[in-house]
Amino acid sequence: MRDLRLKDVSFSYPGGFLAVDHINMEIKAGDNVAIVGQNGAGKTTTVKMMNGLLRPTGGDVLIGDKNTKDYTTAQISRIVGYVFQNPDDQIFHATVESEVRFGPKTLKLSKEEEDKRVEEALALTGMDKFKDENPLNLPLSTRKFVTIAAVVAMGTEILIFDEPTAGQDMAGNKRLSEILKLLHAQGKTVITISHDMEFVAANFEKVIVMAKKKIVRTGTPREIFWDLETLEKAMLKQPYVSRVLGALHIDGDIISIEDAVEGILNR
Amino acid sequence: MGAVIECKNVTYSYPLAKEPAIKDLSLEIERGKFYGVVGENGSGKTTFCALLRGFAPSFYKGELKGEVLVEGKKTTDYGGELSAKIGYVFQNPFTQISGVKDTVFEEVAYGLENFGIPAEEIERRVVEVMQMTDIEALAMKSPFDLSGGQMQRVALASVIVLEPDILIIDEPTSQLDPEGTESVFAIIKTLKEKQKTIILVEHKIDLIAEYADEVLVFKDGQVIAAGDKRKILSDMSLLEKGASLPQVAVLGSMLKERGLPLSEIPVTEKQAIEVIARALEERKKQ
Ligand SMILES: Nc1ncnc2c1ncn2[C@@H]1O[C@H](COP(=O)(O)OP(=O)(O)OP(=O)(O)O)[C@@H](O)[C@H]1O
Ligand SMILES: [Mg+2]
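Residue numbers (our numbering), protein chains in the order written: chain E, 5 to 271; chain B, 9 to 294.
Keep in mind the hints are simulated off the structure, nothing from the lab. Careful, some of the hints might be misleading.
Derived DMTMM-like pairs (lysine to aspartate or glutamate); straight-line CA-CA distance at most 25 Å [as the list claims (entries may be wrong)]:
| id | chain 1 | residue 1 | chain 2 | residue 2 |
| --- | --- | --- | --- | --- |
| 1 | B | Lys26 | E | Asp136 |
| 2 | B | Lys278 | B | Asp236 |
| 3 | B | Lys239 | E | Glu202 |
| 4 | E | Lys178 | B | Asp228 |
| 5 | E | Lys217 | B | Asp153 |
| 6 | B | Lys249 | B | Asp236 |
| 7 | B | Lys278 | E | Asp255 |
| 8 | B | Lys249 | E | Glu182 |
| 9 | E | Lys217 | E | Glu227 |
| 10 | B | Lys278 | E | Glu266 |
| 11 | B | Lys197 | E | Glu236 |
| 12 | E | Lys216 | E | Asp25 |
| 13 | B | Lys69 | E | Glu137 |
| 14 | B | Lys239 | E | Glu262 |
| 15 | E | Lys241 | B | Glu114 |
| 16 | B | Lys197 | E | Asp136 |
| 17 | E | Lys241 | B | Glu144 |
| 18 | B | Lys278 | E | Asp257 |
| 19 | B | Lys227 | B | Glu71 |
| 20 | B | Lys264 | E | Asp255 |
| 21 | E | Lys241 | E | Glu266 |
| 22 | B | Lys31 | E | Glu137 |
| 23 | B | Lys239 | E | Asp173 |
| 24 | E | Lys237 | B | Glu144 |
| 25 | E | Lys237 | B | Glu218 |
| 26 | E | Lys216 | B | Asp153 |
| 27 | E | Lys210 | E | Asp92 |
| 28 | E | Lys178 | B | Asp243 |
| 29 | E | Lys178 | B | Glu277 |
| 30 | B | Lys227 | E | Asp173 |
| 31 | B | Lys41 | B | Asp243 |
| 32 | E | Lys241 | B | Asp228 |
| 33 | E | Lys216 | E | Asp12 |
| 34 | E | Lys241 | B | Asp221 |
The following label-pair restraints were derived from C-beta to C-beta distances [to be verified]:
| id | chain 1 | residue 1 | chain 2 | residue 2 | range |
| --- | --- | --- | --- | --- | --- |
| 35 | B | Arg132 | E | Glu266 | 52 to 58 Å |
| 36 | B | Gly124 | E | Pro143 | 34 to 40 Å |
| 37 | E | Gly68 | B | Arg286 | 53 to 59 Å |
| 38 | E | Arg59 | B | Ser271 | 34 to 40 Å |
Quantities reported herein were computed from a predicted structural model and do not represent experimental measurements. Beta carbons: idealized from backbone N, C-alpha and C, even for Gly.
Next comes chain E alone, as it looks inside the complex (with noise of 0.2 Å):
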């Protein structure tokens, strides 16, 4: 297991569109990062550079020892598994299960061994009930679970989801909370983009806040949910029961409902 770090990374658009300026970031083997912050800051170039869909324009990538610049990006997404930020760019197959069976395909595993990480990654997403569908037929937000289910069965060591909440219903985002659970006890590492201030605030150790091609800040969710100055300048929003009690004067910088329910009692 491998640390992930960008050292002084900048990333340019071919024509000259600057996305990406001068970063510095670290994650270690095993975090589970949220990654949040205005549209545009350049969260999805970023990441893109983390498994070699993007090559850094400035600076560098490196896995451990490793500089990605020395790989291939076939390599990199051995070790660096990417779930799009549009499901659509992601999908080529007729069927859940063959989508989800064209990565661990081309590992060259044993036929037993493929056939258990299909399955495994197929029950975990709750996708094992369309494994016969064609996933164009089935809702964008149930895309997003076999695009989820086909990364997962890559088994990668570390595993990016860029915006799996958007458009979850209340099932949908209890499911990926699992799936976080699940992978961050199996010791991976894993990168989640998302906008939603609810789900950031309950199922992260750590948030990079990006704004304005920039990280602004780093922190546990609790400093970064009550640092007020940041979340402007990022375009976020505190968790609405952070905001009562900011505005009923109770401290403790509580960002749960659990903890909201103790702090208005105990006052």
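For chain E, the structure is supplied; the task is to place chain B with the ligands on it using the hints.
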């Protein structure tokens, strides 16, 4: 006033589907009101939207029983005129982009050009809407070179620029940052003030609580609760039916259970602050 859209015993099945996606639905949509459509994924919200706009059955085919009336006329009796009356923002912003325009500005102007509106007016309206949706800085970019949230803003802008009387908007904020999400709701509020009728599918229930007038809760192809948002969104029993409720409503009900004398279950942030502050005062006096 009165009903601008009416569903009468509507049952609709997609081709080849085993079960109808909408089952015996009857309801009225009143002019000038803002309806929040909520409920778990797969419960029929998008199909409901497609029915109101006539895409079901005209485009998706399938079988429609009952009637959907827009201003008293069946959707199946309309030709192209429905597209001028009802603006429709699709759920997936990545598919709304026309693919035929080179810049974001032209993309937003595209629909107006099709309506044969004079160039100066197009320019004025496009600029105004791009300001509203905070995409002016992207005007000269290719619609394909955008972040997810930027694309979603462009999709919304390209529909509100048409100023239709009725707007059906399917999850317009799924890719947006919290600030952008609030501003979309603020835009919808100004549209409502212009007497537009709004039907909005949204999972962000806290914002529905803040801005909508009425809420329709879908489950398994049926509306299981409908009415004034304060009444619907403070009903804790809906949680067991897969619907989500505002954070502050959940907080309020937990406080009440623990004995804090709340006068009501709040659904908005402001209401929560007032109701809890009052209850704490109350408790101090006792
Ligand atoms: N292919 C491209 N060509 C040129 N510019 C691009 C391209 N893709 C993205 N950009 C620009 O790069 C910036 C960062 O985009 P990125 O997708 O990384 O943002 P993001 O933080 O993921 O935003 P969101 O929350 O909206 O998904 C944006 O201003 C965007 O317009
Ligand atoms: Mg993104």
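Checked hints:
no.	hint	verdict
1	B/Lys26 / E/Asp136	holds, 16 Å
2	B/Lys278 / B/Asp236	holds, 18 Å
3	B/Lys239 / E/Glu202	holds, 24 Å
4	E/Lys178 / B/Asp228	holds, 20 Å
5	E/Lys217 / B/Asp153	holds, 16 Å
6	B/Lys249 / B/Asp236	holds, 19 Å
7	B/Lys278 / E/Asp255	holds, 18 Å
8	B/Lys249 / E/Glu182	holds, 20 Å
9	E/Lys217 / E/Glu227	holds, 21 Å
10	B/Lys278 / E/Glu266	holds, 20 Å
11	B/Lys197 / E/Glu236	holds, 23 Å
12	E/Lys216 / E/Asp25	holds, 9 Å
13	B/Lys69 / E/Glu137	holds, 20 Å
14	B/Lys239 / E/Glu262	holds, 24 Å
15	E/Lys241 / B/Glu114	violated, 32 Å
16	B/Lys197 / E/Asp136	violated, 43 Å
17	E/Lys241 / B/Glu144	holds, 23 Å
18	B/Lys278 / E/Asp257	holds, 19 Å
19	B/Lys227 / B/Glu71	holds, 20 Å
20	B/Lys264 / E/Asp255	holds, 21 Å
21	E/Lys241 / E/Glu266	holds, 22 Å
22	B/Lys31 / E/Glu137	holds, 23 Å
23	B/Lys239 / E/Asp173	holds, 21 Å
24	E/Lys237 / B/Glu144	holds, 19 Å
25	E/Lys237 / B/Glu218	holds, 24 Å
26	E/Lys216 / B/Asp153	holds, 17 Å
27	E/Lys210 / E/Asp92	violated, 29 Å
28	E/Lys178 / B/Asp243	holds, 21 Å
29	E/Lys178 / B/Glu277	holds, 24 Å
30	B/Lys227 / E/Asp173	holds, 12 Å
31	B/Lys41 / B/Asp243	holds, 22 Å
32	E/Lys241 / B/Asp228	violated, 33 Å
33	E/Lys216 / E/Asp12	holds, 16 Å
34	E/Lys241 / B/Asp221	holds, 24 Å
35	B/Arg132 / E/Glu266: 52 to 58 Å	holds, 54 Å
36	B/Gly124 / E/Pro143: 34 to 40 Å	holds, 36 Å
37	E/Gly68 / B/Arg286: 53 to 59 Å	holds, 57 Å
38	E/Arg59 / B/Ser271: 34 to 40 Å	violated, 60 Å
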